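Colleague: These are the residues of each chain, in order.
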Amino acid sequence: MFSKSKRQQLAQNLGGQLEAAVIEGRSPWKDARIRFRRNHAAVVSLVLLVLIGLLVVIGPWIVPHSYDEADWSVAAPLAPTFTNWHLFGTDDNARDLLVRVLIGGRISFMVGILGTLVAVVIGVSWGAISGFFGGKVDALMMRFVDVMYALPFMLFAILLMTFFGRDLVLMFVALGAISWLDMARIVRGQTLSLKSKEFVEAARAIGVPRRAIIFRHIVPNLLGVVVIYATVTIPNVILTESVLSFLGLGVQEPMTSWGVLVQDGAQHMDTAPWMLLIPALFLSVTLYCANYVGDGLRDALDPKDR
Amino acid sequence: MLSYVIKRLFGAIPTIFVVVTVCFVMLQLAPGGPFDSERKVSPEVLANLQAKYHLNEPLYRQYGYYLNNLLHGDLGASFRYADWSVNALVGNALPYSLAVGGTAMVLSLVIGVLLGVIAALKQNSIVDYFVMFLGNFGNAVPSFVIGPVLILIFCLWIQLLPFGEFALTPAYMALPVALLTLINVATLGRVMRGSLIEVLHSNFIRTARAKGLPLRTIIARHAMKPALLPVVTLLGPLAISSIAQAVVTETMFAIPGVGRLLVNGAINRDYTLVLGLVILVAVITVLFNLLVDIAYALLDPRIRY
Chain E
1 MFSKSKRQQL AQNLGGQLEA AVIEGRSPWK DARIRFRRNH AAVVSLVLLV
51 LIGLLVVIGP WIVPHSYDEA DWSVAAPLAP TFTNWHLFGT DDNARDLLVR
101 VLIGGRISFM VGILGTLVAV VIGVSWGAIS GFFGGKVDAL MMRFVDVMYA
151 LPFMLFAILL MTFFGRDLVL MFVALGAISW LDMARIVRGQ TLSLKSKEFV
201 EAARAIGVPR RAIIFRHIVP NLLGVVVIYA TVTIPNVILT ESVLSFLGLG
251 VQEPMTSWGV LVQDGAQHMD TAPWMLLIPA LFLSVTLYCA NYVGDGLRDA
301 LDPKDR
Chain V
1001 MLSYVIKRLF GAIPTIFVVV TVCFVMLQLA PGGPFDSERK VSPEVLANLQ
1051 AKYHLNEPLY RQYGYYLNNL LHGDLGASFR YADWSVNALV GNALPYSLAV
1101 GGTAMVLSLV IGVLLGVIAA LKQNSIVDYF VMFLGNFGNA VPSFVIGPVL
1151 ILIFCLWIQL LPFGEFALTP AYMALPVALL TLINVATLGR VMRGSLIEVL
1201 HSNFIRTARA KGLPLRTIIA RHAMKPALLP VVTLLGPLAI SSIAQAVVTE
1251 TMFAIPGVGR LLVNGAINRD YTLVLGLVIL VAVITVLFNL LVDIAYALLD
1301 PRIRY
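Residue numbers (this note's numbering), protein chains in the order written: chain E, 1 to 306; chain V, 1001 to 1305.
In short, the hints are calculated from the structure, not lab data.
No experiment lies behind these values; they were computed from the predicted model shown.
Every residue, glycine too, gets a C-beta built ideally from N, C-alpha and C.
Certain hints may be false.
Examples of chain E residues toward chain V, derived with CB under 10 Å [what the hints assert, rightly or not]:
hint, residue
1, F156
2, L194
3, A205
4, A280
5, L283
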């Protein structure tokens, strides 16, 4: 119908139009970034959180004290002062509070992130398997999640700490082991919709084993949702860790965490209120910011909200 | 209705069964037997003791005895406190927890609903902002941070309230009850505000207005009942979180209640005590959730079973 040159021209035109369309369009990630930036509270929280994170990671190397060494050259407990660079003062054992707050923050952040990782691994596997197999398996697995939901999970944390000791590694495993329920539910829902997609059908048609379908084809597609809910989980794990430490069931002396420091401060608040107020402030600001960032991310990435 | 209640009751049994089984397994995994002490007992005495407590029988028989005891309401003997049964320990502690927790629950329901209603009716007023602020604050700042700060202010700085021990008197109960109420009101107030605003926008309220009913009547007779439904749903999770909160507040304010018993049990590795408390709390939670579900079904005429 058309000459060869005409066809080429048409094709070029179409290509140009497509290119223009690509430039005008926005990827979902860019969309999300724009929406997140519009949420000022979340942006401010993110900046604060990054600052605290940097402080906690780098700070202990700069501060000229160690978290478990007493400085008896000054009377303890010492109020915040520039003497010997005790900017946050010292605790009742003459240990520098600044470095203890920073080290405690390290532990809290670490437990929060590692605990969340454990929760992600359990939750994603549980949810993906349950959603993929469906039927009786699904009913049974989700029934178990319902059962866990109906129980106060602080109780489980205490139970696990009673039986498995107060080791740091066991602690975040235990915290992860009780924080995966939301993740499992959300992942299951996503899996249900993913498993009827064409690429899963194709994989099944060419005989990919079921385990490979779940972990190579379905789980990678869950990444977005998982990342969002992981950021929401981190502050919760940090909070649980500090409650346990506050109760004396978590991190043990001389190692410290924000929960331990608040507990310690609460015991000496009549003579040294800074021992209570400084770690309390750090913990509260971190949790407050982390909640805002998590909510902001969820709002920005949630496709339902378009 | 009755069939619904029975169905839910049967649904609750597997939950409790799972918890009990998990507890039994954990008890088996716990290091050390109940009679491993520094004082050596002769083999004959040990054998007698083991026979008395059925420790020489196969595991499934032990599990049977365990279930049987639980069905009779016997939570076993404490691992640490000699001559104390778990039942007796709990019996001593429960009144304190119930008094503090119950007062806080009633207070927070009244205050939370009231504040939520005012906030919903007068949006962008001071009360509204207060409810929203409280909601954010209560979500982010943990109770074990608020608690010591409250003690610092009220007991040490202005010395209004006593501190250090505990008795069931208003002066000692004021701070823990206030703390628990604050946390609950943060959630309740926000939910009540949201749901009342939503109800006030619905068609049947517009009809009531069009009929010329005064606002007071509309709210009292038409809007309140549907608006309260989300609050009823919230009671279940709220009760669960109250138990977790009780653990913290009781430790903080030296209240000799169930929460403190649990923490002390955990610190002392009193396995039977902790497991007994876990089972007890699990049963209470499941029953409470059941009651909330039934209350919900009774309140909402749209739900038919």
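Colleague: For the hint on L194 (chain E), just tell me whether its beta-carbon gets within less than 10 Å of chain V.
Modeller: violated (29 Å)
Colleague: Would you check whether L283 (chain E) satisfies its interface hint, that is, whether its CB is within less than 10 Å of any CB in chain V?
Modeller: The hint holds - L283 (chain E) has a Cβ within 10 Å of chain V, the shortest such distance being about 6 Å.
Colleague: Restraint: A205 (chain E) near chain V, CB-CB cut 10 Å. Satisfied or not?
Modeller: Cβ of A205 (chain E) sits 38 Å from chain V, so the hint is violated.
Colleague: Double-check A280 (chain E) for me: the hint is only fine if its C-beta lies closer than 10 Å to a C-beta in chain V.
Modeller: With Cβ-Cβ at 4 Å, under 10 Å, it holds.
Colleague: Hint check: is the beta carbon of F156 (chain E) less than 10 Å from a beta carbon of chain V?
Modeller: holds (8 Å)
Violated hints, listed in ascending order, are 2, 3; each of the other numbered hints is respected by the structure.
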